[in-house]
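Visitor: As a plain string of letters, each chain reads:
2 protein chains.
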Amino acid sequence: MKHFEEKTTNTQSIFNGKVIDVQVDDVLLPNGKNSKREIVKHPGAVAIIPITQDNKIIFVKQYRKPLEKTLIEIPAGKLEEGESPDITVLRELEEETGYTTNQLQYITSFYTSPGFANEIIYLYETNSLEKVLEPKPLDEDEFVELMELSIGEAEKLIATQEIHDAKTMYAILYLKNKGMR
Amino acid sequence: MKHFEEKTTNTQSIFNGKVIDVQVDDVLLPNGKNSKREIVKHPGAVAIIPITQDNKIIFVKQYRKPLEKTLIEIPAGKLEEGESPDITVLRELEEETGYTTNQLQYITSFYTSPGFANEIIYLYETNSLEKVLEPKPLDEDEFVELMELSIGEAEKLIATQEIHDAKTMYAILYLKNKGMR
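The listed protein sequences derive, respectively, from chains A and B.
Position 65 of the first sequence, counted from 1, bears residue number 65 in the UniProt record's numbering, the numbering being contiguous throughout.
Position 32 of the second sequence, counted from 1, bears residue number 32 in the UniProt record's numbering, the numbering being contiguous throughout.
Hint data in this document are derived by calculation from the structure and do not stem from the laboratory.
Do not take every clue at face value.
No distinction is drawn between identical chains; accordingly, a pair holds when it is met within one copy or between any pair of copies.
Stated by the list, open to error - Below, computed lysine to any residue pairings styled on SDA-like, alpha-carbon distance capped at 25 Å:
| hint | residue 1 | residue 2 |
| --- | --- | --- |
| 1 | Lys176 | Leu129 |
| 2 | Lys176 | Asn55 |
| 3 | Lys69 | Asp25 |
| 4 | Lys136 | Leu90 |
| 5 | Lys65 | Gly17 |
Next up, chain A with everything else stripped away, as it sits in the complex (with noise of 0.2 Å):
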């Protein structure tokens, strides 16, 4: 596939913030023509299927300003520069849920919107759960509330598009997938 590449000619900054970059690359492309694209770049991030000695998955209930709308989602959180991925999860299952796990299963990873932006998320499960006595606190600006739902429930907030978002959407496809009831 090395005929379709694009080439990189400039880039020019637009935008460097707290979460995103923003920037645009003059791009040659492959018929010789020249274009631009429009890319954010973001440092990534891990999701979680945290799941309860009774069979039920730990959702987080959250405000997202870019919908102006509150998801039920996954626990999740974006990488710290550097960070190993298996690092950040722990992190984010402990501030979110106040559970951390030694028993942390890697499932798989996607990027979410490759058309124009590099944010990966690494998905992760456990089954094994261990309340933290004094849990790490949530990031300053970072609110959310906990919901404990069967499969079955969380179908029906996918019905009622309370869980709207891909990475939740895939890991109770994948439970399903596997068996889970």
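Assemble the complex: chain A is given as a structure, and chain B must be docked to it using the hints.
Guide: Same frame as chain A, but now just chain B:
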């Protein structure tokens, strides 16, 4: 969940592009403090699982500049302003594969990156494909190569991460979960 809402006190436009707009909102948090939210506005997109008569899925191989690599994905594309996803998906199917259908089935929709972007993808499937004699051409800056794969072959490409994006991996899990072999 009204109490988790973040009130916008100011919006600063950072960038107005062809594909995305970027803005930074000042928000009033539920605890009375102020913060900033970096937001990517995207027009939304469609994706479709085209299934051939011999039970193969049609994929497109495409260079993704934000990742600097080639991914194999189900056909997809952006909504034009004011356009219904049902229309967009038929156009993208025709442009990218040369097929059309009069049996379009809507599956679901999901937000891809609710933490920083408002992109939503409407996902469809069809197993009733008809060749278009003179299909609409691809966009000027778009170059794709078609591949027809069985679900087992697609799973192998997930293992090698040539299939590595959320919508396509969701689509394959969806088909597996429906019993497609």
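Visitor: Treating 25 Å as the Cα threshold, decide for Lys176 and Asn55: within, between, both or neither.
Guide: both (13 Å within a copy, 23 Å between copies)
Visitor: If the cutoff is 25 Å on CA atoms, where do Lys65 and Gly17 land: within, between, both or neither? Let me know, please.
Guide: both (16 Å within a copy, 20 Å between copies)
Visitor: Should Lys69 paired with Asp25 be assigned to within, between, both, or neither, using CA atoms and 25 Å as the limit?
Guide: between (32 Å within a copy, 15 Å between copies)
Visitor: Reference check for the pair Lys136 and Leu90, CA-CA at most 25 Å: within, between, both, or neither?
Guide: within (11 Å within a copy, 49 Å between copies)
Visitor: Quick one: Lys176 to Leu129, C-alpha cut-off 25 Å, is that within a copy, between copies, both, or neither?
Guide: Within one copy only: 20 Å inside, 29 Å across.
In summary, the structure agrees with every hint in the numbered list given earlier.
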